[in-house]
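Colleague: Given the coordinates of chain A, assemble chain B onto it according to the supplied hints.
Chains as they are written, first to last, in the working numbering: chain A, 1 to 448; chain B, 1001 to 1341.
Quick caveat, the hints were computed from the structure, so don't treat them as lab data. Each hint should be verified, as a subset may be incorrect.
Derived CB-CB ranges, DEER-like [claimed, not checked]:
{"id": "1", "chain 1": "B", "residue 1": "1077", "chain 2": "A", "residue 2": "85", "range": "30 to 36 Å"}
{"id": "2", "chain 1": "A", "residue 1": "87", "chain 2": "B", "residue 2": "1321", "range": "54 to 60 Å"}
{"id": "3", "chain 1": "A", "residue 1": "359", "chain 2": "B", "residue 2": "1305", "range": "36 to 42 Å"}
{"id": "4", "chain 1": "B", "residue 1": "1115", "chain 2": "A", "residue 2": "362", "range": "57 to 63 Å"}
{"id": "5", "chain 1": "B", "residue 1": "1326", "chain 2": "A", "residue 2": "404", "range": "15 to 21 Å"}
All C-beta atoms in this analysis are idealised placements derived from N, C-alpha and C, irrespective of residue type, glycine included.
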Amino acid sequence: MKLLSLRTFRHGVHPPESKDETSGSPIRQFPFAPLLVLPLVQHLGKPSVPEVREGEHVVRGQRIARPDGFMSVSLHASASGVVRKIALTPSISGRMVPGIFLEPHPASTQEASQGTPCPLETATPERILAAIQDAGLVGLGGAAFPTHVKLSLPEGRSVDTLIINGAECEPYLTTDHRVMLEQRDDVLMGIRYLLAVSGAARAILAVEANKGDAAAHLRDGLPDDLPASVELLRVKYPQGAEKLLITALLGREVPSGKLPLDAHALCVNVATTAEIGRLLPLGRGIEERVITISGPAVERKGNYRIPIGTPLRFLLEQVGAREDVNRVFLGGPMMGAAVPSLDIPITKGTSGVVAFTDTEAERTHRKVYPCIRCGYCLDACPVFLNPSELGILAGKHEYSRMAEDFHLMDCFECGSCSFVCPSHIPLVQEFRAAKAAVRKAALAERAS
Amino acid sequence: MTGPGRTLEIRTSPHILSGYSVDSIMFNVVAALLPTTLFAVYAFGLAALATLTTAVASCLLTEQLACRMSGRTSTLGDWSVAITGLLYGLTLPPGLPLWMVAVGGFFGVGLGKALFGGLGLNVFNPALVGRAFLQAAFPVAMTTWTLGFTPDRFSALPSSTLTPPFTQPLYDGLTGATPLALWKFERQLTEVGDLALGFVGGSAGETSGLLILLGGAYLVARNMMNWRIPAGIFAVVAAASGVLHALDPQSYASPLFMLFSGGLMLGAVFMATDMVASPMTSSGCLLYGALIGGLVVVIRVWGGMSEGVMYAILIGNGVSPHIDRWIQPRVYGTRSREPGS
Chain A
1 MKLLSLRTFR HGVHPPESKD ETSGSPIRQF PFAPLLVLPL VQHLGKPSVP
51 EVREGEHVVR GQRIARPDGF MSVSLHASAS GVVRKIALTP SISGRMVPGI
101 FLEPHPASTQ EASQGTPCPL ETATPERILA AIQDAGLVGL GGAAFPTHVK
151 LSLPEGRSVD TLIINGAECE PYLTTDHRVM LEQRDDVLMG IRYLLAVSGA
201 ARAILAVEAN KGDAAAHLRD GLPDDLPASV ELLRVKYPQG AEKLLITALL
251 GREVPSGKLP LDAHALCVNV ATTAEIGRLL PLGRGIEERV ITISGPAVER
301 KGNYRIPIGT PLRFLLEQVG AREDVNRVFL GGPMMGAAVP SLDIPITKGT
351 SGVVAFTDTE AERTHRKVYP CIRCGYCLDA CPVFLNPSEL GILAGKHEYS
401 RMAEDFHLMD CFECGSCSFV CPSHIPLVQE FRAAKAAVRK AALAERAS
Chain B
1001 MTGPGRTLEI RTSPHILSGY SVDSIMFNVV AALLPTTLFA VYAFGLAALA
1051 TLTTAVASCL LTEQLACRMS GRTSTLGDWS VAITGLLYGL TLPPGLPLWM
1101 VAVGGFFGVG LGKALFGGLG LNVFNPALVG RAFLQAAFPV AMTTWTLGFT
1151 PDRFSALPSS TLTPPFTQPL YDGLTGATPL ALWKFERQLT EVGDLALGFV
1201 GGSAGETSGL LILLGGAYLV ARNMMNWRIP AGIFAVVAAA SGVLHALDPQ
1251 SYASPLFMLF SGGLMLGAVF MATDMVASPM TSSGCLLYGA LIGGLVVVIR
1301 VWGGMSEGVM YAILIGNGVS PHIDRWIQPR VYGTRSREPG S
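Bound conformation, chain A alone:
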């Protein structure tokens, strides 16, 4: 009966959770790779501008690239070492992006340097925002949107509720789970900073019911003077999507095409919150993060605090990958992107690395049938689109009609429709392509 009373959103799907193998594994420190690669764009926005030259010696935690304007963040050295080169490196998007290649000193103790602390008691909201940008913080849940931009409320706008997102609805991933269990003080400190900067009256820590231990641990530690509560949510994918969290917790809908702000709410990932609470009092930047390494092809699964810039090849060597590894993707299996190359490094937005063997990969090699109008996708779509109709239109390349008549642009690519489709139509893939085409057409129209 308790299950029924838990809050949630409508529709959605129930993929196998696959979390048991790592949810009990404490966060361990990951070793430094012989060469770290730090792309200058690890966030949505403009690339950072390097402040170091090739051959320069840097200290762990030292800023090595500064933000280029508001839509950009700082970048810090994830190890003490030598800048070997600044050159192009492959990225998850498939494009080559500029990056700083850093060779850690093998003998260094890797003591992290500190900057100017931003004490909670005396800092103004502006000062906190600047400190967050200086710390190089982006959404650690996977979106990698610059956190200070998200927290900068436009003139005259206000939020009443701050939602700390600990839903972690993606299968396999348990980083947020471990962070809530092991970094409670950091999370609570982060909430204080976030409340101060956003002006929200209260904070809600949203945790899916499969992490009851984390929820209880947080609840036990809530100080009396902190206007925060812990809410358990029903286990359902994609519960962690901002808009759906807001609907589940506050009963409000974010208007189509608008931001959570328009529903007077602000969502921040719990790992991001913990990093704010950990870094700001010390004036440090983010140079490592917690990730889950899991999947049937991984031998030593677990949660690791890993230096930003660790190449996947080194990562898989350390944890041991099975001979029949077939597919490696960053993030969870529902929304994660498969990597084309093991030379891609871990970036700030990487919440996990999951590796599949041929066996799991083969399960997605299914025969594609015509749409049989079963309606499963309509019952799965959390934003109540009609994926079947959109899929049929995508087949005819009627992209503008998809956008105008069927709200294509409201799709946030959670993958629920593709997950349930018994005809195995690659719906999300088609929608991604269609969205790109619509954006391109809009840009072209603006230019002419």
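Modeller: Then chain B, alone, in the frame of chain A:
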């Protein structure tokens, strides 16, 4: 060293699937039809066996021929034609000449499915298209019902079954009217208990309401059937006939009789729920079910025929795309439902 020896596969997310597939859904529908099918053979013996075999074979052959002609690979593996054939066979009178069964199967799949473009594109339920064709072409044969539970049903075929092609059948065995016809034309009522269990005359597979419900319950439990469609049909049929029966029990049959007689159970549970030819939204399915239920009552009570399930479902199929156009889900973050076009 890991990875480099192997080529990594790049695919877009999601990297896991629910496990549902068209062929598994269709196969489960066939499985859910098994109790009904076995009871048909038990009740009508060799006649039902021959009818069902011919029906399935003619449908499969027609589909195979259509694939060959259009240059596509065979689609028999998706099991959807097997359902069509089985359902079609179950709606036929057990003593129907086999050549008629074959002709109907050919028209059902050929006209009702292949010409529309195959799986997923047919507007009407192909099994019912085949049956409707036969009803129009051979009205007498389609309404002559050999009786079930005859002692020699497992040793001899009715003479009508093996009628040579293009000749009219001669019935030597016992034939009788269906409970619906008895009621409509002679005001003779059949016990509801007999109806539910299937000890009555009628089409091969429509006589045992309880076994049909059992199959339907299995599919609903496995989320392979939208329960709202039969629910809508049952609700409207029960309500409308309930009101009429209360007003004048002499002229109007009781709701239970209406629900368990004729092809209503088979139609509501297995025909109207054809995913391809029914609406996609939940409320659309309720409306569609209600519409079919209403039509069944209208045709049965005021129409010239004793049975109306087939036409009610075919009309429902025709309206279904329009229901899907009228009833679109309300997109998150928008105030009103917006029509698709």
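Colleague: All hints, please: hold or fail.
Modeller: Results of checking the hints against the structure:
Between residue 1077 (chain B) and residue 85 (chain A), the C-beta spacing of about 55 Å breaks the proposed range 30 to 36 Å. A beta carbon spacing of about 57 Å between residue 87 (chain A) and residue 1321 (chain B) agrees with the range 54 to 60 Å that was offered as a hint. Between residue 359 (chain A) and residue 1305 (chain B), the C-beta spacing of about 56 Å breaks the proposed range 36 to 42 Å. Checked against the given bound of 57 to 63 Å, the beta carbons of residue 1115 (chain B) and residue 362 (chain A), roughly 36 Å apart, lie outside it.
The supplied range of 15 to 21 Å is met by residue 1326 (chain B) and residue 404 (chain A), whose beta-carbon atoms lie about 18 Å from each other.
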